[in-house]
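Undergrad: Given chain A's structure and the hints, the job is docking chains B and C onto it.
Residue numbers (this note's numbering), protein chains in the order written: chain A, 1 to 150; chain B, 1 to 642; chain C, 1 to 204.
Derived from the structure by calculation, the hints contain no laboratory data. Computed from a predicted structure; not experimentally measured. Possibly wrong hints are sitting among the right ones.
Computed footprint of chain B on chain C, listed as stretches where at least three residues anywhere in the stretch have a Cβ under 8 Å from a Cβ of chain B [unchecked claim]:
| id | stretch |
| --- | --- |
| 1 | 88-95 |
| 2 | 115-128 |
| 3 | 149-159 |
| 4 | 176-183 |
In silico DSS-like links for lysine-lysine, alpha-carbon gap of 27 Å or less [said to hold, decoys possible]:
| id | chain 1 | residue 1 | chain 2 | residue 2 |
| --- | --- | --- | --- | --- |
| 5 | C | K81 | B | K317 |
| 6 | C | K82 | B | K490 |
| 7 | C | K120 | B | K490 |
| 8 | B | K490 | A | K12 |
| 9 | A | K12 | B | K577 |
| 10 | B | K336 | C | K82 |
| 11 | C | K88 | B | K490 |
| 12 | B | K122 | B | K107 |
| 13 | A | K12 | B | K317 |
| 14 | C | K82 | B | K322 |
These stretches of chain A come out as covered by chain B in the derived footprint (C-beta under 8 Å, 3 or more residues) [unchecked claim]:
| id | stretch |
| --- | --- |
| 15 | 5-12 |
| 16 | 106-118 |
Ideal Cβ placement from N, Cα and C applies to all residues, glycine included.
Each chain, written out:
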Amino acid sequence: MDREIIDRIIDKHQCEASSLIQILLEIQSENHWLPKEALERVSAKLQVPLSQIQHITTFYKSFSLVPRGRHEVHVCMGTACHVRGAQRVLDAVQDQTGIKAGETDVDLKFSLETVNCLGCCALGPVMVVNGEYHGNIAPAQIEATLKNYE
Amino acid sequence: MSRINSSAELEKLRQDILSTRDPNKPCITLCSGSACQATHCKKVAAALELEMEKTGLMDAVHFRKTGCHGFCEQGPIIVIYPEGVCYLRVKPEDIPEIVSRTLIEKKVVERLIYVDPTTKEKVTLEEEIPFYKNQQRLILGQNTKIDPKSIEDYLAVGGYQALAKVLLEMKPEQVIAEVKAASLRGRGGGGFPAGIKWEAARNAPGEPKYVIVNCDEGDPGAYMDRSLMEGNPFCVLEGLLIGAYAIGAHEGYIYVRQEYPLAVENVTVAIRTAEEYGLLGKNILGSGFDFTIKVHMGAGAFVCGEETALIKSLEGKVGEPKARPPYPAVKGLWDKPTNINNVETWANIPLIINKGAAAFTSIGTEGSKGTKIFSLVGKVNNTGLVEVPMGVTLRDIVYKIGGGIPGGKSFKAVQTGGPAGGCMPESLLDMAVDFDQLTRAGSMMGSGGMIVLDDETCMVDFARYFLGFLADESCGKCVPCREGVKQMLKILTDITIGKGSRGDIELLEELAEVAGSAALCALGKGAPNPVLSTIRHFRDEYEAHINEGKCPSYSCRELISYYIDPDKCQACMSCGKKCPAEAIEGGKNLIHVVVQDKCTKCGSCLEACPARFGAVRKISGEPVPAPLPEEARTVVRKSKPL
Amino acid sequence: MSNVILQIDGREVTAREGITILEAAGSQGISIPTLCHHEKLEPYGGCRICSVEVDARGRTSVVAACLFPVEQDLVVRTRTKKLDRIRKSLLEMMLAHAPDSEQLQALAVEYGADKDRFEKEASFCIHCGLCVRYCAEVTQKNALGFIDRGARKEICFIPEIASRECWECKECFPLCPTSALQAAFVLIKALTFPGPARESGVES
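If we strip away everything but chain A, and leave its shape as in the complex, we get (with noise of 0.2 Å):
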């Protein structure tokens, strides 16, 4: 990742440690996961120890150390959607796409995850593919919907 783009978001947010969080954030959001090029840059820059930051990215579900596919792919496990089928959308989503949730594919298309809900309850079960939502989805449309993603 472009060392520059690194720099330019952690000065944004005035290279204060608070903004860590918020700066790895960033740099997910760019980059659709976390080099540790990155991790070491931003490391150096706030003066906050890599073993911390070790923590950080691996405590908090958002990040991802390793490579994300072009498509992510959310499946909602919360209690509404559990109650209303979501295991049986997830298995789907799984046999569609050949990888598990907390997986990405080899052709790195697709990176599958659950997510402990994300607040559209009377919709379940949801799945949201870059950020578009697919409410009271059934695991028979899974394939076609999926297949809208090149």
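TA: Relative to the frame of chain A, chains B and C by itself:
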């Protein structure tokens, strides 16, 4: 936009805005909250804009995209004013008809209005729909009138009157006294009296002081805060500003979970707009009071909803909770006095200042004043956000407002309080919902998630679900939670797969005591509640799983088998075609049989079997009857062949 | 700093405001078991073995003695049936990870804990955090830290820093109650340290 420098200028601006708004001018609103976005309201919006342009209505009719209306099951929702005609489940294809028939001809499109599922009565006006009629939407109701990105809309409904009164007519101590008199209890889960918290922060030594909005709404099934933050961010800002003044804080933080991008966007726009208008920043309304706000996003950790973990997260650290005392009011962010409240708590403040504590306390029960917004979800007809006065019964919420249980199933329980809460069975349906009653019943108010369960929900699996969630979200610092929740989860999982043993219930209760008493924070302390609550009210289900290998709700996969009744099967092949595991033997005129070794328990056959045959059923706790010998499988036709 | 008067196990104790129950008890020779506590480190409150019962502001609750500040009229009980049950369960959960730990075994005898109560766990580490905290607060090398959360949490060395610093240091090694630390070091050295293996190796 010029800065507003006094109360008089604020009122002049408000009057200017109102004078340009003809209350009789038609206005068409489209709910654009996140739930409606999930049912593609953006496409409806695009279709509406196109149609209005085509028909030349862009000037004659105002189109407003609002925040969440609450009736999420029926989205996308369109309401047309001034009449208040309400259309539900609107599709883009419906738009031309809505525009021509309703906007132009002033007639109603019958097929889009509300029909009561039981009485079949049709209701045209939004306010008359039973879902809304039985609520008291003091806070959430404003969403329908406001475009969240428009400060003018907020001013038009009376916004910032409370702030002007506070900054220019009241002393901080008076504000605190008013909030104390209102007996406002925290709406995030703790239920602690807000006024007392504010007073503690005000009196604590140390500068600077901070105020924080907790929008890390993590309870799965709860999304009230999302809808408030997305739909009416100015109201939250106004409440926060009033609190900051009362406490003596000049810096505020809004912590929004990263999973709520629309809320982050809308509150960020609101802050920028408020700054432009001088309603944030230096010398607000000419009062001499300065206040700035920063927005911080969460990064995917439920535990950061806990106030001390949230504070750690704001400091750029991992969200591991801190021991209390000292409480954040005394030593919070950067060890300074900090007041942190939930979104809905802050949203109640302008109302309290505008209407007064006496009016506020006239609503609710002895120990719980005001209204509460619940997210009514799960196995209920009308899922959505519901705002009722404290003291309304569970029965009224589930049946009068929620419309009862869908699909002909029967009510089993209501779960409140999220992963730290408990279940209330049918026997408790007439309970008045308030903080203390819920706690007495073995549950808690929590943030407001209210999940309805029917007879197909296995309560053991439900408890297991919550523990699985908590095991995933535990910060891992303390032994009782990290190890205790893990052990409880193991036991519950074993029970649901038929590996439960005698003594499991007692072991669960023992582990419940360790976590409940000795854990570091409320996540660990509350973790036993779903288990204890389901053991208390549904012990028979636990015992059936353990002693008989039976799941009484026919839900736990390892304990159920699918069986085709040979007397009912009409050999239509519907099930065989749907079976993903090729586990159904049979053909034309031959009774179908489920091959148990191949069956993955997906349930497709049960769904596929035509209702008039109803030949597929689930068996649990007893052996599956042996299949008929092949010679005996010729079907006996009960009706004309297909 | 003024003094407060509190009660510990029925004894009246005068203590300086701002100290913890653990410190106040210690000054009176009242012993409370600990695992994750170390005089050179900030109190942690992770193991919860030091849990005590307190009556304060009309309520009884269980709190960690190493963190809870003394208050006027606080009533503390360091040994009750409930606390014994709690400590026994905590020990049993930790013994599932490290049945051979001498510290755990000594406490197990005291509280009647059964090391076979729970199924054996793969990792020795009981997350007392002494190693991580020592390296952050005392030597300030930050050569190791935690990763992940919940039951998946682990201690993890930063290879570049560890290969540079740990050989000459190893001050944290005696702190580990279970030898999980030493095992982690051996592993990280084998997997990632640059350069040829050194003769001095790592003692257990």
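Undergrad: Compare the structure with the hints numbered earlier in the document and write down the numbers of the violated ones, lowest to highest.
TA: Those not satisfied are hints 4, 5, 8, 9, 10, 15.
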